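> Let the hints inform the model, and build the full structure from the sequences given.
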Amino acid sequence: MKGRALMEGAHYWSGDIAAAEGAIAAGCRFYGGYPITPSSEIAERMALRLPQVGGVFIQMEDEIASMAAILGASWAGKKAMTATSGPGFSLMLENIGLGVMMETPCVIVNVQRGAPSTGLPTMVGQSDMMQAKWGSHGSYEIIALYPNSVQETFDLIIEAFNLAERYRVPVVYLMDESIGHLFEKVTVPPEDEIEKRLVYRKRPNGGGAYLPYLVEDEDLVPPMAIAGEGARMHITGLTHDERGYPSMTAEAQEKLVRRLNEKIRRVREKITMVEEYMLEDADVAVVSFGITSRVAKRAVDIARGDGIKAGMLRLKTIWPFPEHVIRRLAESVKAFVVAEINYGQIYYEVERCACPRKVLLVPKMGGAVHRPEEIVAGIKEVLRG
Amino acid sequence: MMAAKARGLMEFRDNKELIESLIRTDRLPHVWCSGCGIGIVMSAYLHALVKEGIDPDKAVVVSGIGCSGRAAGYVRLDSFHTTHGRPIPFAVGLKLANPELNVTVFSGDGDLFSIGGNHILHAARRNNDITVICINNYNYGMTGGQGGPTTPEGAYTTTTPYGNYERPFNLPHLMISLETPYVARWTVVHVRRLTESIREALTKKGFAFIEVISPCPTAYGRRNAMRDPLELMRFFQENSVIKHDASFEEMAILPGKPIVVGKFRDVEGIKTYEERVEELIRRVNGA
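One line per chain: the protein sequences are A and B, in this order.
Quick note: this note's numbering has the first sequence finishing at residue 385, numbered continuously throughout.
Quick note: this note's numbering has the second sequence finishing at residue 287, numbered continuously throughout.
Think of the hints as simulated: they come from the structure by calculation, not from any bench.
Every value quoted in this text rests on a predicted model; they were computed, and no experiment measured them.
Only true hints are included.
FRET-style restraints, in silico, Cβ to Cβ: (1) H324(A) - S34(B): 53 to 63 Å; (2) S139(A) - K257(B): 43 to 53 Å; (3) R276(B) - R203(A): 26 to 36 Å; (4) Y12(A) - T203(B): 47 to 57 Å; (5) S139(A) - E17(B): 39 to 49 Å; (6) F248(B) - E251(A): 48 to 58 Å; (7) R258(A) - E179(B): 45 to 55 Å; (8) G286(B) - R258(A): 44 to 54 Å; (9) H324(A) - S177(B): 56 to 66 Å; (10) E195(A) - K205(B): 32 to 42 Å.
Here are a few chain A residues that face chain B, going by a calculated C-beta distance under 8 Å: (11) Q52; (12) I58; (13) E61; (14) G237.
By construction, the Cβ of each residue, glycine as well, lies at the ideal position given by its N, Cα and C atoms.
Dropping the structure here:
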């Protein structure tokens, strides 16, 4: 396996290993992180593998520093990543905001566990959903993806890097403890097949003086220079103008913050990834993500066996929220059930888009996944009206 | 090509125009108060860069938040104005991802040693190959003059209205305890020695640390009977002593005692983090 960026073929991997291998396949060559259960195996795999492919692994002093280091590495031209769990993600949010403001491509894996606070370090939770979107101060948009199997953990993280590079934004890769620690078969496709899928950040064309935040393209994404190639750019977390210079005015704020949001909002439909299961004739749609979707699918099968027209919508893209998918579905189903391992987070997003359809939350506080029967009971309850 | 460029720079040694070309004059006037010392340190850094013939395209300045943090915005180099306390880990990532860069962290005492305290310890421990210039003005100037980790005992600030009853850091002592290869302290009055020190730090293999005692007449001086910028400079001149072999006790900044300045440590042969990473990659790949 020496020096191989891509381990083609079949493997028996955990979700954490698959995340690390997928990142390397995506071209990630810098990892800065701090150990935390249940994500530590990602750091361990990166420590083992990155030197083999000429990449850099550094164990930073904490998660604040980890996040700062990957931003620095990204500005030096590397695809960069960190991984953590809830408590560490809380610490990273400061510099995730900086990443948003500086428009820095990077990927942050959050293998969620039971929370709040130290919570349940070794057990499942899906309660950082809103934190992923709103955790850093300010009004901003971010991209978050969520796999539900070990194979998909490998595949989807490549997409996470692509989106980060394409839209110059930190991408949050949400995972479940139960996927991070689950071992399943993973098939790694041939190198040329992956190579074709990779996206790299838009670069300045070299003509004239480089203005780091001059936007000339319809996608609202400015080309990105990297440090050391003569751009002589100034990059700041302060509100800035096209030159990258601080500009303390309401006008500059309006222009910049609006664009940072719009560049993501306008591609909401384009970057939405969902899985639909038996929704064609469904009366009730179960909305879920990650490990919960695997239970939800079973619940739909049980409900169908009981003569209920149930279906499932699995969100792979969490942010920007696929509101158009919920709105469209609200035209055909009578009601929604949202199953998630928290006390109501994505539920509120679904509720706002499903109007006037009834939406029922089937929560779980964490530490265990739902039993299918709990979701089936929810399906029956919401249909009773 | 780089060598040619470097030679080109040498021809312009001490050239005013060249120094000016490294300043974002289109951003003037700057935010610093009259009598502030940060501009002197920034100028010393640019002179050191030119004197050493370092390719400005490869020189990167990283700053945190505060008055000193604004320096990144005035140099016409690749420069990053990051979050409060975090310029060092940002710089660590930059340098590791591209070891060709000459990375300098330019920030204040509060940024580097209070909120960012943990980061400087670990970067020094690892011997990351970066230079850290710490402007110590004894207080938080930008937020209006609050006390901080370097405020001398007894000094008046907005948060020490009865006089500071905390013990401040002895920064050179702390950095030497971490085996930092290069540790120096100057005041802004020692412009020539400071410039020479920065020049040495920029080419030093490994972590280099320079503390610069700098006046803040607006926020600090006026509450401590040093309101007049010139008087403050005179104070630094008359109350500083150059002593390269100072003891740790002598490095402490104490009321009524002279400020001991000098090049306190300059050692060779400590492997840098970047060298270790390079070695590891070679070893793992059997080269």
